[in-house]
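Residue numbers (numbering that gives the first Met the number 0), protein chains in the order written: chain A, 0 to 561; chain B, 0 to 456.
Do not take every clue at face value.
[As the list claims (entries may be wrong)] Below, computed lysine-lysine pairings styled on DSS-like, alpha-carbon distance capped at 30 Å:
hint, chain 1, residue 1, chain 2, residue 2
1, A, Lys7, B, Lys195
2, B, Lys43, B, Lys195
3, A, Lys278, A, Lys323
4, B, Lys159, B, Lys195
5, B, Lys6, A, Lys179
6, A, Lys180, B, Lys223
[Claimed, not checked] Derived coverage of chain A by chain B (criterion: at least 3 residues anywhere in the stretch with Cβ under 8 Å from a Cβ of chain B; other residues may be distant):
hint, stretch
7, 16-27
8, 30-41
[What the hints assert, rightly or not] DEER-style ranges, computed between Cβ atoms:
hint, chain 1, residue 1, chain 2, residue 2, range
9, B, Ala31, A, Thr52, 43 to 53 Å
10, B, Ala13, A, Glu247, 52 to 62 Å
11, A, Trp32, B, Lys33, 21 to 31 Å
12, A, Trp32, B, Ala31, 54 to 64 Å
13, B, Ser415, A, Gly56, 35 to 45 Å
14, B, Arg130, A, Thr52, 45 to 55 Å
15, B, Arg54, A, Phe18, 51 to 61 Å
The hints are simulated quantities; they were obtained by calculation from the structure and are not laboratory data.
Beta carbons are placed, not taken as given, at the ideal position from N, Cα and C, and that holds for glycine.
So the chains spell out like this:
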Amino acid sequence: MNRYRRWKMYFLNYRTTLFITLGVILLIVLSVWGMMSLESYYRSITLAQLPITLLLGMVHALIFVYMYMVVLRGGMTKIDKKSVKARDVEVRFSDVVGIDEAKEECWEVVQLIKDHAKLKRIGGKILRGILMVGPPGCGKTYLAKAIATESGFPFLSMAASEFNEVFVGVGSSRVRSLFKKARSLAYGFGGCIVFIDELDAVGHSRVFNQFSGAETNTTQNQLLVEMDGLTGKAENVIVIGATNASEEVLDAALLRPGRFDRKVYITKPGLDAREAIFKYYLSKVKHEASIDVGRLARKAVGKTPADIENLLKEAALITIRNGKEALSMKEISEAIERIELGVKQKIRMNDHEKEMTAFHETGHLMAIYLLHPTDDVFKASIIPRKSSLGVVHHTPREELFTQDKETILANIKSSLAGYAAEKFKFGTTSNGVVSDFQNAMHLAHMMVWRLGMGPSGLVGDYTAIPREQLSEETKGRLNQDTDLIIKQCLKAVEDLLSKEREIFERFAHELLTRQELDFDEIEAIFAEYGKANPRIFGTQGEKTAGAPSPKASGDGAPLKEK
Amino acid sequence: MKSREIKNQLVLVAFLAAMLFVTVGCAKTYPADKLKDALLDICKIEYGIEDIDVRIVGKTIGVYLPLKKLFASDFKEALVSGKVRNLDTLFEPSPEALDKVEDVLFSISRVILSTDRPLEFYVLQATDIERTGLQLVLTGYVDDIKRVRVWDISRNEYRKRVIHELRPNPAVLWHNPVRLFFKDLENLPIGLIREKYFGNKFSETSLQHFFFETLLTGKPDEPKTLWQILDMRSTGLDSNGAVVYAKVKPQAAGVELKVPKEVELEYLFMITIQDDNARISRIIPFQYQDEGGKWNKVAFPKELQIEENLANWKEEFTVDNLNLGGFLAEQLTRRVDGLVAGDERIRNTFQGVKLSFKYHEEAETPYFTLNLEEALLRDFNHYQRGSVALHEDMLYLLGLASREFVDVLRAYRFGSFNRLLVNIAQESNAWNFGREELELFRRKKIDLQGLLSFTNL
């Protein structure tokens with residue numbers, strides 16, 4: 000029985016080899032048989048053709064391999080990764096600005112990598128991996144480069160998507176190759192950093208069914224094994240993973256200690272950080288001293304370091320185009336416009352359209368300036384951009400992470416202001432209100448159905464309950480509440496416009512004349528009428544505008560477009 | 000899989016591959032000693048052609064294919080019908096004959112390409128044995144078969160390289176009644192034999208005693224005697240007839256023959272031709288059995304030198320040991336004939352052209368001759384223009400033949416000659432072109448005038 004089992008085991012273990020060997024023997028026997036059945040002349044001809052046949056076979060094989068590797072982007076297990084020497088990376092920690100907390104954590108990691116011998120002496124375990132989580136453009140790769148430079152170890156960088164291939168097994172094979180190389184470098188240099196960008200491409204939770212995920216699973220399994228598996232001698236290989244995806248998306252096995260032990264959360268920079276970033280990038284270009292970095296930082300709410308770098312790059316290009324030597328505020332503003340609002344388009348509107356657009360945008364402008372608790376208007380324009388004929392660009396004065404009821408109501412009012420302005424001025428409205436209404440209705444609906452902010456006192460997230468389980472009465476009340484909010488907001492805006500008719504007409508006139516109004520110009524005009532910025536001079540602003548009390552809350556930087 | 004296992008498997012594969020080469024590459028399919036039998040077997044088993052004969056002389060293999068009807072039309076009937084406009088149509092082989100010729104040719108090519116006997120030439124002699132005695136002789140070079148099979152030469156070029164000849168072979172017509180005679184001895188009773196061949200001049204007993212002791216008596220269950228023809232050759236006579244020599248050996252199963260086993264009977268048959276039919280008019284045995292049962296030789300007059308002359312008598316099937324030079328000379332003759340026939344200028348300027356190439360191997364230094372045996376210019380006046388050899392049309396003809404000569408010899412890489420001697424019938428002297436000059440001519444370094452400048456008539 001045992002012998003039978005052993006034979007069976009050998010058969011199962013070596014069946015592929017066995018079948019291939021038998022197949023080869025069979026083919027050779029058949030070849031000999033076939034050749035023997037030929038007359039000697041034909042045998043001689045066949046044998047004479049053998050060298051050219053072999054040569055052609057090799058050429059065909061080479062063509063196939065070439066096609067596979069180059070044309071089909073196969074590449075098999077080969078990874079064309081050359082290690083980058085630390086001194087060639089040349090990104091210092093001092094170059095990483097705006098993400099100080101992340102920097103601190105990483106600095107600690109660098110020290111651990113450098114002193115791993117010391118760490119081992121006292122019995123500590125080598126750090127296996129660092130996971131950097133954060134939105135795109137916040138400097139994850141940059142930070143990884145800085146780690147490589149500071150640690151002085153070779154740096155292998157690879158996008159996780161490079162592991163993925165149409166052929167199953169190639170991904171895991173590439174992981175093996177990558178770690179083999181990393182271990183070899185670590186052996187030679189005392190350590191190696193492997194940076195895997197967009198880790199979620201292979202690191203998302205594995206799927207254990209027969210229909211999908213086979214390749215990703217095997218790739219990820221291999222990654223797990225390489226990071227903390229039954230591999231040979233442990234070398235000082237640190238894996239830095241970067242992902243935009245949230246941690247929940249990643250497989251739990253990847254996140255456990257021993258794999259990505261350290262998690263570094265990188266967020267969008269705050270006001271101070273943005274200032275620092277502006278300063279850092281401005282220091283690399285010629286610029287006028289008059290540039291107000293603080294103001295720029297305030298304007299660039301929600302911008303990542305990459306956005307800021309791009310913005311200044313764009314400004315530098317505009318400077319060159321304008322034939323100037325140094326970058327000024329004007330170029331930066333132009334760059335912001337170009338990036339945020341889009342390139343101006345040469346659409347010729349008729350006078351009526353232009354007038355209607357001007358009053359529509361003035362409505363938005365007035366409502367935001369006078370009623371919004373958090374947002375400042377940075378620009379109002381009736382020059383067509385992208386798909387809109389006009390725009391009022393507003394952003395919160397400071398970084399806000401929540402929105403209160405008043406802010407949401409102010410957003411609804413701002414959205415409805417375009418409609419109210421058209422109706423107020425012309426007694427009719429245009430189809431330019433579509434997106435405004437969509438935004439307003441969405442917000443009102445959310446307030447009532449999900450946030451418990453409806454006037455009738457219904458509290459709770461009613462979208463969590465299936466619609467058919469809600470009573471008609473409840474649904475009716477909720478819808479009535481939504482309607483009421485819209486109506487109240489519209490009434491508030493209409494009241495504002497009728498009350499501030501003079502300012503309203505003035506702004507519309509200015510827009511029609513100048514096409515565009517900047518923050519300073521807007522502030523100045525309001526100042527003419529004694530309307531100080533309510534967000535700066537709170538009570539005065541409140542009294543002046545009769546708007547709800549502004550609070551320190553905001554909603555990011557929605558773009559109000561006609 | 001470990002590298003050691005891979006290595007072991009590679010060794011196994013290499014070993015088996017080597018076996019493939021060793022076992023497959025060495026042996027020839029048709030060894031020299033079995034070549035003839037192999038060809039006979041292939042023709043018999045695969046194509047149902049039984050009565051071929053194969054002879055190998057030196058580096059030439061000859062195959063004799065007797066056919067009852069080689070040509071599609073009956074000459075006499077066709078001529079009498081008056082429908083024949085072109086005599087060439089009379090010599091078109093019948094489809095059945097062509098099939099057999101192709102089958103045998105293919106069989107020949109198979110065995111000669113896969114034998115260890117160094118053969119260079121093959122000759123197929125397809126003979127019309129019953130009606131005309133004409134035979135279609137195809138002579139080819141073995142290397143040409145190889146080259147055409149590997150597309151080294153075109154099929155059209157291959158056809159030009161095979162020599163097609165139509166030759167008379169009267170011996171087959173003379174031998175026919177003798178063959179029939181021995182066939183009758185096997186099948187007919189003695190009475191009928193006596194009546195058919197001897198006009199009842201001899202008694203049955205004397206026929207049996209003197210000539211053919213195994214003649215059938217017509218008794219039931221009488222064992223059959225087979226007459227194996229060992230040799231047959233003939234010579235024509237001045238009168239309308241021929242003498243056929245036949246050497247035979249009677250064989251009978253289950254009967255003790257009076258003829259000792261070692262004795263081979265020989266006869267001379269006098270053949271007369273009457274009304275296009277050959278018939279036996281007289282039979283002369285070389286041996287007789289005396290009253291004591293002893294076999295004695297007939298004493299022919301010495302001056303007849305029967306045995307000495309027999310060697311020169313014609314056989315139905317003879318094979319010459321060909322050489323490449325001779326083969327090329329024959330091929331060139333036919334090639335140039337074809338060129339001349341198709342050349343409009345020559346047709347317009349010559350009354351007739353007859354030329355031939357010959358290869359002289361026996362000379363101390365082998366050489367070729369081109370004999371312009373008949374090259375009659377239409378507008379040539381001997382007395383006004385001097386030498387016919389220098390006439391522009393003659394030079395054109397000569398240029399054509401010389402160009403073909405050098406090209407063909409180059410195609411065969413033939414170098415066993417040192418000159419080409421051009422004989423013109425009307426001229427007493429000959430041109431002598433050296434091999435080096437001919438090579439220059441081939442490479443178009445010199446033209447015909449240049450070639451002529453190296454020689455004098």
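Looking back at the hints listed earlier, which ones does the structure fail to meet?
1, 2, 4, 6, 9, 12
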